[in-house]
Amino acid sequence: KNQVEQSPQSLIILEGKNCTLQCNYTVSPFSNLRWYKQDTGRGPVSLTIMTFSENTKSNGRYTATLDADTKQSSLHITASQLSDSASYICVVSDRGSTLGRLYFGRGTQLTVWP
Amino acid sequence: EADIYQTPRYLVIGTGKKITLECSQTMGHDKMYWYQQDPGMELHLIHYSYGVNSTEKGDLSSESTVSRIRTEHFPLTLESARPSHTSQYLCASSEPGRNEKLFFGSGTQLSVL
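Residue numbers (our numbering), protein chains in the order written: chain A, 1 to 114; chain B, 1001 to 1113.
These are computed hints drawn from the structure, not numbers from a lab.
All figures in this text were calculated on a predicted structure; none of them were measured in a lab.
Among the clues, some could well be false.
Unchecked claim - If you want the footprint, here are the derived chain B segments under chain A, 3+ residues with CB under 8 Å:
{"no.": "1", "stretch": "1041-1049"}
{"no.": "2", "stretch": "1101-1107"}
Claimed, not checked - Below, simulated SDA-like cross-link-like pairs (lysine to any residue); rule was C-alpha separation at most 20 Å, straight line:
{"no.": "3", "chain 1": "B", "residue 1": "K1101", "chain 2": "A", "residue 2": "S53"}
{"no.": "4", "chain 1": "B", "residue 1": "K1018", "chain 2": "B", "residue 2": "P1008"}
{"no.": "5", "chain 1": "B", "residue 1": "K1101", "chain 2": "A", "residue 2": "A79"}
{"no.": "6", "chain 1": "B", "residue 1": "K1101", "chain 2": "A", "residue 2": "M50"}
{"no.": "7", "chain 1": "B", "residue 1": "K1018", "chain 2": "B", "residue 2": "S1067"}
{"no.": "8", "chain 1": "A", "residue 1": "K71", "chain 2": "A", "residue 2": "S7"}
{"no.": "9", "chain 1": "B", "residue 1": "K1101", "chain 2": "A", "residue 2": "Y103"}
{"no.": "10", "chain 1": "B", "residue 1": "K1057", "chain 2": "A", "residue 2": "R101"}
{"no.": "11", "chain 1": "A", "residue 1": "K71", "chain 2": "A", "residue 2": "T56"}
{"no.": "12", "chain 1": "B", "residue 1": "K1057", "chain 2": "B", "residue 2": "H1044"}
{"no.": "13", "chain 1": "A", "residue 1": "K1", "chain 2": "B", "residue 2": "S1067"}
{"no.": "14", "chain 1": "B", "residue 1": "K1101", "chain 2": "A", "residue 2": "K1"}
{"no.": "15", "chain 1": "B", "residue 1": "K1031", "chain 2": "B", "residue 2": "Y1010"}
{"no.": "16", "chain 1": "B", "residue 1": "K1101", "chain 2": "A", "residue 2": "K17"}
{"no.": "17", "chain 1": "A", "residue 1": "K1", "chain 2": "B", "residue 2": "K1018"}
{"no.": "18", "chain 1": "A", "residue 1": "K17", "chain 2": "A", "residue 2": "S83"}
{"no.": "19", "chain 1": "A", "residue 1": "K1", "chain 2": "B", "residue 2": "E1042"}
What the hints assert, rightly or not - Not close to chain B: a few residues of chain A, all C-beta gaps over 10 Å, as computed:
{"no.": "20", "residue": "E15"}
{"no.": "21", "residue": "C19"}
{"no.": "22", "residue": "N32"}
{"no.": "23", "residue": "T65"}
{"no.": "24", "residue": "L102"}
{"no.": "25", "residue": "G105"}
Glycine residues also receive a C-beta, built at the ideal position from the N, C-alpha and C atoms.
Take the sequences, apply the hints, and build the full model.
Listed below in structure tokens is the structure:
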């Protein structure tokens, strides 16, 4: 069964600190892995998209890594800000169809305290 | 910011009412999607469209229906709302290309009493 598991489920950190969120997946065949940020009551916004051949990608203070061999990804947030408080969702796409089916994780709820 | 819009943002209605959730995008994307999301849970695909006059059901069974008469417009309709339909509904479109980046609207939070 294709699945995407994220950990931790929730995380509280102090402003200015770094943190790392984890994503493990069993989706096969693999096409790409995406990280989204979803503010409360809003739609998800894309942070990064990585294909099989990419093992790291950055977007400002966000850096995603991918190990396609172990089927693990992480999202590292540097020097956290209050505005980073959100749910971070890992999404994996397979190559099973032209659409490329998407498998969503349940997200990690990050809270940044002042 | 994505140019994809959903209305209304919030909707509280009584059981049995017919409702339509609106979704429009100005990016000219052919592919559009409707997702359902409950608190703390993953997004579930309920409908998608490859273009005008193309609609398909997604992975999650839904009593809603969709239409795609114009490229930019992808409304979702519930003929008779029930409390079990209470959820957040997210509309999205994807740009062409191998990775098909998704752009989401802000969502409609539906509460059926």
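Hint check results:
Against chain A, the stretch 1041-1049 of chain B contributes 6 residues with a C-beta closer than 8 Å to a partner C-beta. That satisfies the three-residue criterion, and the hint holds. Using a Cβ-Cβ cut-off of 8 Å, 7 residues of the stretch 1101-1107 of chain B lie near chain A, which meets the minimum of three, so the contact claim holds. Among the hinted pairs, K1101/B with S53/A is consistent with the structure: their alpha-carbon atoms are about 17 Å apart, no more than 20 Å. Pair hint K1018/B plus P1008/B holds up; C-alpha atoms about 14 Å apart against a cutoff of 20 Å.
Annotation: proposed proximity of K1101/B to A79/A is violated, straight-line Cα distance about 27 Å (limit 20 Å). As the CA atoms of K1101/B and M50/A are separated by approximately 11 Å, the hinted pair is consistent with the 20 Å bound. Taking the CA atoms of K1018/B and S1067/B, the gap is near 15 Å; set against the 20 Å cutoff, the hint holds. For the given pair, K71/A sits about 14 Å from S7/A by alpha-carbon distance, which is consistent with the 20 Å threshold.
Pair hint K1101/B plus Y103/A holds up; C-alpha atoms about 14 Å apart against a cutoff of 20 Å. A distance of roughly 13 Å separates the Cα atoms of K1057/B and R101/A; the hinted pair therefore holds under the 20 Å criterion. Proposed proximity of K71/A and T56/A is supported: the alpha carbons are some 14 Å apart, at most 20 Å. With a C-alpha separation of about 11 Å, the suggested pair K1057/B and H1044/B falls inside the 20 Å cut-off, and the hint holds.
A C-alpha spacing of about 31 Å is found between K1/A and S1067/B, which places the hinted pair above 20 Å, so the restraint is violated. Distance hint between K1101/B and K1/A is unfulfilled; the C-alpha atoms sit about 24 Å from each other, more than 20 Å. A C-alpha spacing of about 25 Å is found between K1031/B and Y1010/B, which places the hinted pair above 20 Å, so the restraint is violated. A distance of roughly 30 Å separates the Cα atoms of K1101/B and K17/A; the hinted pair therefore is violated under the 20 Å criterion.
Restraint check for K1/A and K1018/B: the C-alpha separation of about 36 Å exceeds 20 Å, so the hint is violated. Using a Cα cut-off of 20 Å, the hinted pair K17/A and S83/A holds, with the two alpha carbons roughly 13 Å apart. Only pairs whose Cα atoms come within 20 Å are accepted, and K1/A paired with E1042/B is accepted, the gap being roughly 16 Å. The Cβ of E15/A lies farther than 10 Å from every Cβ of chain B, with a closest approach of about 24 Å, so its non-interface assignment holds.
Non-interface status of C19/A relative to chain B is upheld: no Cβ of that chain comes within 10 Å, the nearest being about 19 Å off. Consistency note on N32/A: stated as away from chain B, yet its beta-carbon is not over 10 Å from all of that chain's, at 5 Å minimum. Distance check on T65/A: its Cβ is at least 17 Å (rounded) from any Cβ of chain B, clearing the 10 Å threshold; non-interface status holds. Non-interface call for L102/A relative to chain B: violated, since the shortest CB-CB distance, roughly 7 Å, does not exceed 10 Å.
With a minimum CB-CB distance of about 6 Å to chain B, G105/A fails to clear the 10 Å threshold, and the non-interface call is violated.
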